[in-house]
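Top to bottom, those sequences are chains G and B.
1 is the number of the first residue of the first sequence in this note's numbering; add one for each residue after it.
1 is the number of the first residue of the second sequence in this note's numbering; add one for each residue after it.
Hints in this document: simulated from the structure, not taken from any laboratory.
Among these hints, one or two may not hold up.
[Claimed, not checked] DSS-like, lysine-lysine: derived pairs with alpha carbons at most 27 Å apart:
1) 198(B) x 50(B)
2) 199(B) x 66(B)
3) 2(B) x 199(B)
4) 54(B) x 199(B)
5) 66(B) x 198(B)
6) 218(G) x 239(B)
7) 2(B) x 197(B)
8) 239(B) x 289(G)
9) 282(G) x 230(B)
10) 199(B) x 50(B)
11) 282(G) x 239(B)
12) 54(B) x 2(B)
[Claimed, not checked] Which chain B residues stay away from chain G? Per the calculated CB distances, all over 12 Å, these:
13) 29
14) 33
15) 44
16) 56
17) 67
18) 169
19) 189
20) 191
21) 207
Glycine is no exception: its CB is placed at the ideal position from the N, C-alpha and C atoms.
These are the residues of each chain, in order.
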Amino acid sequence: MSNILALIEVSSNGDLRDSTSSLLAAAARIGSPVAVVVTTPGAGSALVERLGNLGAAQVFLAEIDQGGTLLVAPQVDALAAAVSTLAPGAILTVNSVEGRDVAARLGVRIGAGLVIDAVNLRSEGLTIVATHSVFGGAYTVESTVQGGPMIVTVREGVIEGAADAAVPVVTTVSLTSDASNSAVIDEVIDVVVASTRPGLRGATRVVSGGRGLGSQEKFSLVDQLADALGAAVGASRAAVDAGFVAQACQVGQTGVTVSPQLYVALGISGAIQHRAGMQTAKTIVAINKDADAPIFDIADFGIVGDVFTVVPQLIAAIESRGKK
Amino acid sequence: MKIIVLVKQVPDTYGERTLDPTTGWIDRAGSDAVIDEIDERALEVALSYKDAHKGTEVVVLSMGSKAVTVGLRKGLAMGADSAVHVLDAALEGADAGWTAAAIAAALTSTGFDLVIAGNESTDGGGGVVPAMVAEHLGLAHMTFLESVDISADQVAGERATGQGTLRVHASLPAVISITENLPEARFPNFRGIMSAKKKPFRVASLGDLGIDPAVTFAGVGRSVVLQATKRPARTAGTKIVDEGNAGVELADFLVAGHLI
Ligand SMILES: Cc1cc2nc3c(=O)[nH]c(=O)nc-3n(C[C@H](O)[C@H](O)[C@H](O)COP(=O)(O)OP(=O)(O)OC[C@H]3O[C@@H](n4cnc5c(N)ncnc54)[C@H](O)[C@@H]3O)c2cc1C
Ligand SMILES: Cc1cc2nc3c(=O)[nH]c(=O)nc-3n(C[C@H](O)[C@H](O)[C@H](O)COP(=O)(O)OP(=O)(O)OC[C@H]3O[C@@H](n4cnc5c(N)ncnc54)[C@H](O)[C@@H]3O)c2cc1C
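One chain only, chain B, in its complex shape (with noise of 0.2 Å):
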């Protein structure tokens, strides 16, 4: 079995993080980059289903900057087998569609039994480059998985929607998503920090992956940002310290200000 992990570099969610106000674009230079939290949750579904069954195959592929070979090679560390690099300036501001894109035409040429994913990145969020990536490449996909069971020949598991919960299969190869409801991930020891140092390494442009943006976008409809505002940030209201009488005080708060 392969099993291709897709791991997003992202800003820090501990740092404050910022648009660039003329592009609305992350700016990544603002805050440290790490692998998505939501990432290193479907790296270790991977790892561990790895664990318990030999001859598996762990490949980590991410889109994104020079930055990323650093988050890469954390998930070779972490017990990853190789990584897939698709780097290219034509890149930079991507939407969903091209990133999507990118990581359809990567997948194809790398092969693989199952794409497992975050089910929404912590800075762009749209949960839908998983998706879109499984039409690219006309197989199913699961996304939002709560549990996730790996046989030889099918993935299942249940799916979390906002009304309920639905109990779902497909046939391999598919493409998931999974929710912070799977665990957290290992850490890197240092036997794996080492070997991570020579385990391969592609980077890949697009058109080592036969995009020409100008051909392959043509009548594709993008998505661009006109404008971003910072909002003023919120300030400190009354602070008090409670000496007994908190609670009512509380209360006449919130009656002056009509809320009860």
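One chain only, chain G, in its complex shape (with noise of 0.2 Å):
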């Protein structure tokens, strides 16, 4: 089985990102996970056992004091050396924005092809085949790269299940990032989750509101029926244009796509660059007063109602069912 590197992404803190288990899972589809780590001379050695747990046969160790103040500079450095070493089938990254640099940089200086946004992974004897969901689900494509090494960007949390857990052969290395060609990291302001609701990337049930809610305070009947349901909130553009919440929970073709068990659109017309966002739910539920709206074309239920009386209608209902 040929090597598959997988870059782990690393909090400012240290640990390991929520993506590692998934990446891993990915690699092991085709062939022997690689965990490759940037972390800070001495630090590395804590995260072996876990990514070991997690499935890594091996992990490489790149320590590179840069890490926290160089972007990307050294991610890309530590992968370069790890596919001198080690001759990988494939190198996967996470597809979040800094994945995505890594494998831009890295495939321009080893002359790879990217594979941008995989759903799934497979061997078909020596090719190695993904999948893609495009135009929100409109399409599935396959694809593979030909003549050259292959980069894939796996999209988050898709890959379920885990890979085996292993007892990983550590390989350290030291390095140094060359500074004149990368931004500088001034801070770095991590997001302080401060909700007890799930995120919305992943969430098995999002309820989104509209520009139909009118304001920001009446939004909060969005964020009511999706505590009702245990539900990530999402939101429209031009809810989140007209300030009614923030950008992060944007669903849509410039925004998060989702694709949930249960989707809940409240006030939200269903332009075309929305439901490239969310048409892949398995169950689609709209409410809004427009009865030839498009977000009705879709829907598995459709309310033509106004949701400032059908929501909190059914948020008493969903709490009168719990007390039975």
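Dock chain one against chain two, each of which comes alone in its own frame, and use the hints as you go.
Structure follows, in structure tokens:
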């Protein structure tokens, strides 16, 4: 089995990001997973056992002092070093902002082809085939790389299951990145998640609100229904632009793509760009005053009505069932 | 200061976007082409800097088919000083790697202090071309910027990541990409449209840029589509008009589907 490098993302305080398990599971589908991690000197050994439990057969620790100060260059250098010693069959990163930057720069450096935003991976003989879900799930596309090395960015949280636990073989190298062609990180403002609500990406239930909610105060109706259902909160771009809710909540083509069991759209017309981010939901519910709103074309259950009368009644009905 | 804005022509997102099932390429005949909205915002960043700093030169640069002329003319009408169009039949179906190599070569031939791109296109959506271009040029990149602060010798901003925000800066020359957090673009006015016709417009082939695909891309991996399948369209289910009891009926529907 060929080595599959997986660039592990580490938070600013040195913890493994949540994406680790799914990325190692993706690597295990096509070969022997090698976790590649950038750490400050000496800090990496604390991560080895956990990486093994998550399925890393090998751990490649790149000790670089500049990990917290140079933007992405240390991660690119770490992978480039691992590529030259481990001759991998493919290189995986998370399809995050950082993961795509690393894939992009490494791809040019080693002459690799890039496969972006894969939702699944499999081997067919010597070929690695990636599956993508494009235009909001309207198409399923299979792709590969020919004629050179292959780098794949894997969509966060979609590959389920876990790789078998292993006791990893550890390689440690120490590197210095060239600071002259890298941006500098002045400050890391890590988002503090104050909410107890589930995050939008990967949520199994999502309640989203649109311009129809009317104001920031009245948008709290969306929060109330989300809490009654144990759902994450989403929004249309019009609701974000109007300042009802933070940009991180935007669902759609230029926002987050979600694929939950249940998606509830409140006061959202269902523009094509919004649908691109939610139309693969298992069940779609829509409440809208306008009987001709396009959201009804894809809703499993549609209510032509006012969100401010229907939703409170729905919340009361959910709560009274909970009491029984 | 010379700022080059990368603009990509994409199928209008208001129409249905389709893929050619055999090549997996965008069916460009199937929809209207427009400059990507995010690239118009990138151009706005450059033009508002130019408004405040006379003597700034703004160039719009695109790689694409003949049809891209229209989009580049719009960029000139909005206020860019000149346009560069990379046009070559060998680039049809280019992957991100070929695209970035061609754009980097065009940038080198044009010269610049700052390159501004969109964070991700609305068709390919890879979000990788700007950082690839920076690696070709041996320059720093800062992608996904939510705010941009340009000064004479550096560019700074805040970059959104899934986990939080980074405050970053880089010395010029550099390559940046911006998110839709930055303001919408201005509309071209009549004077702009008239003067656009007289502005310099350069068309460059790969040969003009010193690229021979057979040599430049020898041994370089290329992303290829094996198969593209259209999913069956979703169909509408039950639709009721609220007559005072719809909230309860919806609760019943959710219970029946084991969703609560
Ligand atoms: C390049 C590009 C990218 C885009 N990306 C995205 C994206 O990622 N996500 C996104 O969402 N949009 C995106 N858009 C914008 C998209 O085109 C729409 O403008 C947007 O989705 C509309 O949001 P909305 O449905 O909330 O608002 P509207 O279209 O204004 O709809 C509001 C709806 O609320 C209903 N309503 C009003 N009051 C009530 C009430 N009391 N009870 C019930 N219903 C009520 C109305 O009938 C109406 O249907 C993008 C656009 C472009 C050009
Ligand atoms: C559905 C789909 C999936 C694809 N998947 C892959 C894949 O997995 N791997 C792959 O290598 N290619 C892929 N491609 C091809 C890829 O879209 C094109 O190569 C494209 O030219 C560059 O990638 P992008 O659109 O993703 O750009 P992005 O990296 O998303 O673009 C970001 C910014 O770069 C600039 N830019 C990008 N292209 C141009 C251009 N032609 N001219 C001027 N500026 C530009 C713009 O400022 C743009 O906003 C895919 C295309 C489609 C339609």
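The hints, checked one at a time:
1. 198(B) x 50(B): Cα-Cα ~19 Å, so holds.
2. 199(B) x 66(B): Holds. Residue 199(B) to residue 66(B) sits at ~18 Å (cutoff 27 Å).
3. 2(B) x 199(B): Status holds; Cα separation ~16 Å.
4. 54(B) x 199(B): 18 Å, holds
5. 66(B) x 198(B): 19 Å, holds
6. 218(G) x 239(B): 25 Å, holds
7. 2(B) x 197(B): 21 Å, holds
8. 239(B) x 289(G): 12 Å, holds
9. 282(G) x 230(B): 18 Å, holds
10. 199(B) x 50(B): Since the Cα atoms of residue 199(B) and residue 50(B) sit roughly 17 Å apart, the hinted pair holds (cutoff 27 Å).
11. 282(G) x 239(B): Roughly 17 Å separates the two Cα atoms, so the pair holds.
12. 54(B) x 2(B): 11 Å, holds
13. 29: Consistent with the label, residue 29(B) stays out of reach of chain G, its closest Cβ about 17 Å off (over 12 Å).
14. 33: 16 Å, holds
15. 44: Nearest chain G Cβ is 16 Å from residue 44(B), so the label holds.
16. 56: About 22 Å separates residue 56(B) from the closest Cβ of chain G, which puts it past 12 Å; holds.
17. 67: 20 Å, holds
18. 169: Per Cβ check, residue 169(B) is inside 12 Å of chain G; nearest 6 Å; violated.
19. 189: 24 Å, holds
20. 191: 29 Å, holds
21. 207: With a cut-off of 12 Å, residue 207(B) remains clear of chain G, as the shortest Cβ separation is near 22 Å.
Hint 18 from the earlier list is the only one contradicted by this structure; the remaining hints agree with it.
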